[in-house]
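Trainee: One letter stands for each residue in the lines below.
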Amino acid sequence: MDLINAVIVLLNYTIIPALTYGSQLALGAIFVTLIYGILRFANFATGDMMSFGTMFAVLLTYYFQSIGISFGFLPTALLTIPFAIFMMILYMLIIDQTVFKYYRIKKSPPVMLAMVSVGVMFVTQAIIRIIIGPTDRRFLDGEKFILKATEFKEMTGLSEGLTIKSTQMITIVVTIIVVAIMFWFLNKTKTGTSMRAYSDNEELALLSGIDPKKVVLITWIIAGILATIGGILYGLDKSYRPFVYFNNMLPIFAAAIVGGIGNPYGAFFGGYVIAFAEIFLTYAYKRFLVYILPESLEPNSLMQLLSTDYKFAISFSILVIVLIFRPSGIFEGKRI
Amino acid sequence: MRNYLNIIIAYSIMMLLIILVGIFQSWSIALTIFNYCMISAVMTLGANIQWGYAGLINFGIMGYTALGGLAVVLVSVAPVPEAWSVGGVNMITCLGIIILMIFSTRYILKNIQKSNKRNYLIAGIIIVGLILIKIIAGPAIEQIEAVDPAKTGFLGGLGLPVLFSWIVGGLFAAGLAFIVGKVALGLRADYLAIATLLIAEIVVSIIKHEDWLARGVKNVIGLKRPAPYEIDLQTSPWFINLVEKFHSAKLDLANSLTERQDVLNQLVIDASSVYVKLCFAGMFLVVVIILLIITQKALYSPWGRMMRAIRDNEEAASAMGKNVVKQHLFIFILGSAIVGIAGAMMVTNDGLFTPGSYRPMRYTFVIWVMVIVGGTGNNFGAILGGFVVWFLWVEAAPIALFFINLFTAHLPETNEIKVHLINSAPYFRFLLVGIGLLLIMRFRPQGIIPEKIIKQ
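Line order of the protein sequences matches chains H and F. The numbers in the working numbering rise by one with no breaks, and the one at position 89 of the first sequence is 69. The numbers in the working numbering rise by one with no breaks, and the one at position 212 of the second sequence is 311.
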């Protein structure tokens, strides 16, 4: 019985939150990696682009609520996803046409494009703050919990409760669906194959008649879908605040590089690596150890490896370690 | 002379703008902007050495700035004897353990051949060391932080003059740059950008959360100043006399003696803050000029030529027998040290150290915009970039407010759009800086004052 209790503790405080956070990071990391692989630059506007899509979801959720549309026990924000994605893609294409296209045609070095994306970051941040302001916003409605701790205790008779928030479930399910469709698209359809060809070897892809304009367009569309959904899921689970989204860019970058930048599978995996490392290293294991150790060995301290203040620092340290020992990432990404 | 004409014109316009702020807003604001422009200029000089001379992209400017600020605290604050007596020995032991770890790792790296055994040994040393540190430092940190937590709760500094900390700030930053350089300099440019940014984040989060070091997010206030205090000036006779002489015409207009005294008091208070800021401005100007002379000399020396050669064609320079890796590391350290000095200057100017305020937006990306806008590879351009962008960053809100009022003048005061726009005026600075960067990169990628190669 103690063992089951211990497992439930771990599940409740580490594994489920880590899976949720990992899914959110994974979506962002695939977004970064796609842009890096096909458009060939590190997009410093990543966090703000996710924030831009989410902003429309927030505004539309408020609008839907005001005219009385709801989605039953699911959050209204899920209904707004198509509209938010549409606005996001529109914005990305406008930015691409007005800013990035010029440098792409000129074949500027990647650093130049990265600097340009810093400019885009500033502008996007300004637009977001002017439209919605910098404050913290919650837009979750509908059922909050799928499984409450008390219900679980009654059901099973265990002393530890298991809580599953609806946002956690939604995040994991939606991520699986989106990522599955995306990988199917990249591997099985003709357009997806041409995108991968373009990413591997641009000249050869152009020689075999692949239309670069189409590849770029499709890339931005997929990027828009990933960015918006990733942003909305994060916002539902925590809350929507432009500054936090900007900061999330850093663990997302870490996830993309750890997995091997340019490789979508690596990015997907990297998101979970970062999330699990952050949560497992900062979790206080006292409660877990109390169940599995005999009474004489029970720990007095919290048994925490690092304080939760260092959450971000952990993901960055992992990145630094990976960069030193395996610069191309865990899965072989592009050569640096 | 013709060569320098555009530089002189650009600088004159900049000075004119600051003087206009002085006339229309107040001289105190103008001097604050001027001082911050100067600090930004030192930062851009540092970043320009790395990016303009050598083509190294360093997005970790935030980390070096924060370390410079930390140096001010560690050098100038008086030590806290109680904290030292409860936890000093343990902390010094920990420092010893860290040094021991570094040296033993170096020894293993040198004397044992590359193998799994070596990796396990190093991993073992690090893990054992970390556990030891955790055991020894844990209780000590708790005790140190318990010493009068509202006021101290940290080890304090050395109690030395604050100007000394500017050099120490540079040294701290150089030390960090050495480690970062060793780890990350082999990476491709955009990876280097990300890696440096993340390492800077790690540094800032350590400064933020290690309260025993510099009080973390509880901030250190009331730092020493290399300039006189306003309150002392307001009571010293020579200063009051000076103000009286300066404003004699204005004072003569006063009708009665009490009114004259009131006017004089107000003038003295205003003048004291201006005087303090002038002192800072003088000191910063000296630093900027010294750095400018050194960097100019370096740029046109054989060493500067070599750096440009390495930047423009690494393979060729390497084939000519130049040690590219070593030079990159050297210039990375040099540039970072200058940024560290700027960080120390900024904290000295503010008189307080707030680790929570070090954010990548303000201390990395804005500085980079300065470098790009001003002119990469040209020191005069870098300084100008610092001035222009900081000026825009500060004055964007008033400018935006002016235009919002202009364009919405026909709308009633309670119009929702107008109110919303006026409330979001501060965010127009992001828009202004972002669009400025995009325009410069598109139409004048070499910056306002481009790099100039003197042919000899």
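In short, the hints are calculated from the structure, not lab data. All C-beta atoms, glycine included, are put in the ideal place defined by N, C-alpha and C. Some hints could be false.
Claimed, not checked - Per the computed footprint, the stretches of chain H lying under chain F, defined by three or more beta-carbons under 8 Å from a beta-carbon of chain F, are:
1. -9 to -2
2. 187 to 199
3. 227 to 234
4. 260 to 270
5. 282 to 294
Said to hold, decoys possible - In silico SDA-like cross-links for lysine to any residue, where the CA-CA straight-line distance does not exceed 20 Å:
6. H/LYS145 / H/MET135
7. F/LYS213 / H/PRO307
8. H/LYS291 / H/LEU261
9. F/LYS213 / H/LEU261
10. H/LYS194 / H/ILE85
11. H/LYS81 / F/LEU537
Trainee: Take the hints in turn and mark each one as holding or not.
Mentor: Verification of the hints:
1. Proximity of the stretch -9 to -2 of chain H to chain F, defined as three or more residues with a beta carbon under 8 Å from a beta carbon of that chain, is not established by the 0 residues found.
2. For the stretch 187 to 199 of chain H, the assignment as covered by chain F is violated, since 0 residues bring a beta-carbon within under 8 Å of that chain's beta-carbons and 3 are needed.
3. Interface restraint, the stretch 227 to 234 of chain H with chain F: holds (3 residues with C-beta to C-beta distance below 8 Å; minimum three).
4. Counting residues of the stretch 260 to 270 of chain H whose beta carbon lies closer than 8 Å to any beta carbon of chain F gives 0, which falls below the threshold of three, so the coverage claim is violated.
5. Note: the stretch 282 to 294 of chain H has 5 residues with beta-carbon separation from chain F under 8 Å; the three-residue rule is met and the coverage holds.
6. A threshold of 20 Å between alpha carbons decides the hint, and for H/LYS145 with H/MET135 the separation of about 17 Å falls inside it, so the pair holds.
7. At roughly 18 Å between alpha-carbon atoms, F/LYS213 and H/PRO307 fall within 20 Å of each other, so this suggested pair holds.
8. Restraint check for H/LYS291 and H/LEU261: satisfied, since their Cα atoms lie roughly 8 Å apart, inside the 20 Å limit.
9. The straight-line distance between the Cα atoms of F/LYS213 and H/LEU261 is roughly 29 Å, outside the 20 Å bound, and the hint therefore fails.
10. For the proposed pair H/LYS194 and H/ILE85, the alpha carbon gap of about 14 Å is at most 20 Å, so the pair holds.
11. The straight-line distance between the Cα atoms of H/LYS81 and F/LEU537 is roughly 13 Å, inside the 20 Å bound, and the hint therefore holds.
Hint check: violations occur at hints 1, 2, 4, 9; the rest are consistent with the structure.
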